[in-house]
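Here is how the chains run, residue by residue.
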Amino acid sequence: MISSVALWIVLPALSIAVLLAVVRLFLGPSFPDQVVALDLITTIGVGIVTAAALAWEQTALFDVATVLALVSFLATVAFARYVERGIRLWSSNG
Amino acid sequence: MVVEWLVVVLLLAGTFFMVVAGIGIVRMPDVYLRMSCTSKAATLGSGCLLAAYALQVGDAGIAVRALATAAFLLLTAPVAAHMIGRAAYRLGVPLWAGSCCDELKGAYSPSGDFLQSRRVDETPGPRSSLDRR
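Going down the list, the sequences are from chains R and C.
The first sequence stops at residue 93 when you use numbering that gives the first Met the number 0, and every number in between is there.
The second sequence stops at residue 132 when you use numbering that gives the first Met the number 0, and every number in between is there.
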């Protein structure tokens with residue numbers, strides 16, 4: 000029952016959520032909007048990989064979720080840093 | 000059997016919160032409000048999904064790893080949201096017209112590098128010890 004719930008309810012709903020975030024990624028009037036949308040996409044991606052690991056009962060897939068959670072934080076911080084002081088990023092006292 | 004129902008309930012709750020985050024990022028009028036939607040609802044949703052996985056999988060090592068991933072998400076999502084919010088505010092992304100107040104207005108030093116609780120005048124006056132780094 001769990002794998003069918005994950006396959007037929009959780010994965011389609013999370014795909015819809017990713018599509019909504021992609022809408023904001025394309026619409027977003029400012030660059031921080033797009034960074035927020037990318038952050039949401041990776042956070043939903045952690046959930047998608049977890050649901051896929053449940054749906055197909057592959058525990059090896061779960062490592063992808065852990066790595067994605069670790070990398071998304073680094074990506075978000077790097078984007079925020081770039082937005083905030085992008086001009087001074089390569090200067091000596093940056 | 001009880002565990003199975005608990006896993007299903009956690010899966011559905013996590014899915015609900017993630018869809019709410021997706022709706023919120025489209026419907027909210029402002030980058031700050033969008034960020035408050037996504038950082039809270041999406042973190043809670045992925046936490047629910049990871050807890051469901053930790054309950055369902057038989058291996059204790061993988062369950063502990065799932066809980067550690069959830070704890071890491073809970074630790075890092077506020078930090079990331081704060082960094083994006085500060086960057087957006089310093090870029091000058093406008094607030095929603097219906098926002099009640101902007102308590103940060105004038106609180107950043109003119110260089111934009113320091114935040115003070117008292118208002119900073121635009122004219123250079125006696126600089127506080129905070130401004131010297």
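Calculated directly from the structure, the hints in this document are not laboratory data.
C-beta: ideal position from N, C-alpha, C; glycine also.
There may be inaccurate statements among the hints.
[To be verified] What the simulated footprint calls covered on chain C by chain R, stretch by stretch (three residues with Cβ under 8 Å from a Cβ of chain R suffice, anywhere in the stretch; the number is not a length):
1. 25 to 36
2. 98 to 105
[As the list claims (entries may be wrong)] Computed list of lysine to any residue pairs in SDA-like fashion (alpha-carbon distance at most 25 Å, straight line):
3. C:Lys39 with R:Pro11
4. C:Lys39 with C:Ala67
5. C:Lys39 with R:Pro28
6. C:Lys104 with R:Glu83
Results of checking the hints against the structure:
1. 25 to 36: holds (count 4)
2. 98 to 105: violated (count 0)
3. C:Lys39 with R:Pro11: 21 Å, holds
4. C:Lys39 with C:Ala67: Roughly 18 Å between the alpha carbons, so the hint for Lys39 (chain C) and Ala67 (chain C) holds.
5. C:Lys39 with R:Pro28: Holds, because 22 Å separates the two Cα atoms, which is no more than 25 Å.
6. C:Lys104 with R:Glu83: Judged against 25 Å, a Cα distance of about 17 Å means the pair holds.
In this structure, only the earlier hint numbered 2 is contradicted, and the remaining ones agree with it.
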